[in-house]
Amino acid sequence: MRSIKSTYFASFLLGAVIAFLGAASARSTELFRLDRIGIVQYSTAPDGSLLLRNGVLAVDGRITWRGTQTLPRPANVRDETLNRPLVHVNAWLAYHNLGYGALSSFEVLEGAVKFWVSDQAYFAVGVSQDTLLANGPVINLSTRAHLPAGSGSVVAGFVIEDRPRTVLIRAVGPTLSRFGIGSYIANPSLLVKRNGQTLLANDDWSGNPDQDEVRRAAAYVAAFPLDEASRDAASLVMLAPGAYTVIVESADPSRPAGDVLVEIYTVPDTFFLSAAAS
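Per my numbering, the very first residue in the sequence shown carries number 1; after that it's consecutive.
Treat the hints with care, since some could be wrong.
Stated by the list, open to error - Restraint ranges, calculated between C-beta atoms of paired labels, are given here:
| id | residue 1 | residue 2 | range |
| --- | --- | --- | --- |
| 1 | Pro209 | Phe179 | 27 to 33 Å |
| 2 | Thr44 | Ala257 | 50 to 56 Å |
| 3 | Asp210 | Ser128 | 25 to 31 Å |
| 4 | Val221 | Pro253 | 30 to 36 Å |
| 5 | Asp227 | Asp119 | 47 to 53 Å |
I should point out that these hints are in silico values taken from the structure, not numbers from a laboratory. Quick caveat, the model's predicted, so the values are computed rather than measured. Every residue gets a Cβ at the ideal spot worked out from N, C-alpha and C, and that includes glycine.
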């Protein structure tokens, strides 16, 4: 079994190779930014020892894991160190030495607090929010529709490509009154379907167990907050690549006519890193 220190050197070597490849492609004095960096992640094994995974964090937030090994758990490992992407402090400094802008696609999280494993110090790391936005993904789709009295629905479709993503889906009715809209659906409900199969349903977001996550995710993606205890519908869910349909109806079939706002937000992976630290 290798020691934690020797394991660190293997992780650092992985990061150095990736950094070298990025630098070699840049050549000369041209500015460049790394599109991936080597990371590690520690977790607790069933027997109480440490599981160490080595991987690569790409600029799109995707992590490719390269290997896992078991290590004895040092006494100084805090729970806050576990289950998060980490980069060794010396590796981070080495990346910086590659040149100005090399690390502009990534950022140190938690105010650059050091996380210790034995005598090795790490930073929590993630993809820069500016980079995520600059890469051009659609982060929000929304439509406002008017439903006539009685039955009827609003149908919205979206497609997830490449990898699983977390999305915040909302059907806003009562909170529209805050924006001067007097005719709204008082009690909207939403369904998310794929290939005709219902994957989730929500009615009255504030009554669901995930209401705190929905509230925090809305703030994270800069969505306006839903009124507390309102009968708006919302859900936070991770979905695999594929085509999805959102169906919004009124939970009250005898409802009068009114407006409803259907929203779909992409929630960046860094949301979960910030949540773990709170």
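**Q.** Violations among the numbered hints, reported as their numbers in ascending order
**A.** none
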